[in-house]
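Peer 1: With the hints as extra help, turn the sequences into a complete structure.
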Amino acid sequence: ETGVTQSPTHLIKTRGQQVTLRCSSQSGHNTVSWYQQALGQGPQFIFQYYREEENGRGNFPPRFSGLQFPNYSSELNVNALELDDSALYLCASRYDGVAEAFFGQGTRLTVV
Amino acid sequence: AQSVTQLDSQVPVFEEAPVELRCNYSSSVSVYLFWYVQYPNQGLQLLLKYLSGSTLVESINGFEAEFNKSQTSFHLRKPSVHISDTAEYFCAVSISGAGSYQLTFGKGTKLSVIP
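Heads up: the protein sequence lines correspond to chains Z and C, in order.
Read left to right, the first sequence gives residues 1 to 112 (this note's numbering).
Read left to right, the second sequence gives residues 1 to 115 (this note's numbering).
By construction, these hints were calculated from the structure, which means they are not laboratory data.
Check before you lean on any hint, since a few could be wrong.
Listed below are the simulated DSSO-like cross-link pairs for lysine-lysine, each with C-alpha atoms no more than 30 Å apart in a straight line [claimed, not checked]:
id, chain 1, residue 1, chain 2, residue 2
1, C, Lys78, C, Lys49
2, Z, Lys13, C, Lys110
3, Z, Lys13, C, Lys107
4, C, Lys49, C, Lys107
Not everything, but these chain C residues come out facing chain Z in the computed CB check (under 7 Å) [said to hold, decoys possible]:
id, residue
5, Ser26
6, Tyr32
7, Lys78
8, Ala87
9, Phe90
For glycine and all other residues, C-beta sits at the position ideal for the given N, C-alpha and C.
Peer 2: See the structure below:
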């Protein structure tokens with residue numbers, strides 16, 4: 001039990017649509033990161049938020065965006081979905097200044 | 001930039017036999033090292049970590065890993081595996097002291113324990 005919960009667990013969307021994935025972190029975890037894990041691959045860093053500001057981004061296009069809220073929840077938004085966006089999306093949170101991150105169980109997104 | 005190479009994509013091993021999952025990394029700066037485990041249809045669970053100090057780190061369920069700076073390796077070992085160890089294992093690095101601590105993962109090693 002990591003104390004990080006994601007919703008929904010599974011989601012099916014049509015190409016071109018928009019999707020919002022949600023994450024609820026442990027109280028006090030003011031840094032949240034999102035990762036994309038394609039089938040058979042390791043997780044890839046999308047971006048990170050610290051105190052509601054984006055402070056790091058991986059090699060993902062601007063149609064991937066996020067929000068972080070004061071209540072330790074966060075969102076990942078993906079616009080104009082493509083088939084290759086089908087993946088497990090993982091949220092990870094941690095305390096500021098601490099390297100150890102705690103992951104949620106992920107949201108499985110399927111784009112058809 | 002950092003990179004992580006997990007040399008074996010799949011490792012089958014008989015129950016109660018020893019196992020080693022290999023991980024090598026590349027980085028021009030000091031790193032922190034992690035092993036995460038992923039059970040089917042689940043997220044990642046931290047198995048063990050190396051931040052500083054003793055180069056040999058251990059988990060509560062019998063796994064250990066040794067940081068070897070000269071060989072840039074962080075191999076995961078267990079002297080006797082159990083059926084419940086069947087899972088996918090990911091090695092990851094982050095830059096030490098950078099503050100962002102974003103993780104760079106390997107592609108994973110699927111450990112299958114055979115009864």
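Peer 1: So, for every hint listed, does it hold in this structure?
Peer 2: Evaluated hints:
no.: 1; hint: C:Lys78 x C:Lys49; verdict: holds, 15 Å
no.: 2; hint: Z:Lys13 x C:Lys110; verdict: holds, 29 Å
no.: 3; hint: Z:Lys13 x C:Lys107; verdict: holds, 26 Å
no.: 4; hint: C:Lys49 x C:Lys107; verdict: holds, 18 Å
no.: 5; hint: Ser26; verdict: violated, 15 Å
no.: 6; hint: Tyr32; verdict: holds, 5 Å
no.: 7; hint: Lys78; verdict: violated, 21 Å
no.: 8; hint: Ala87; verdict: violated, 14 Å
no.: 9; hint: Phe90; verdict: holds, 5 Å
Of the numbered hints given earlier, the model fails hints 5, 7 and 8; all others are met.
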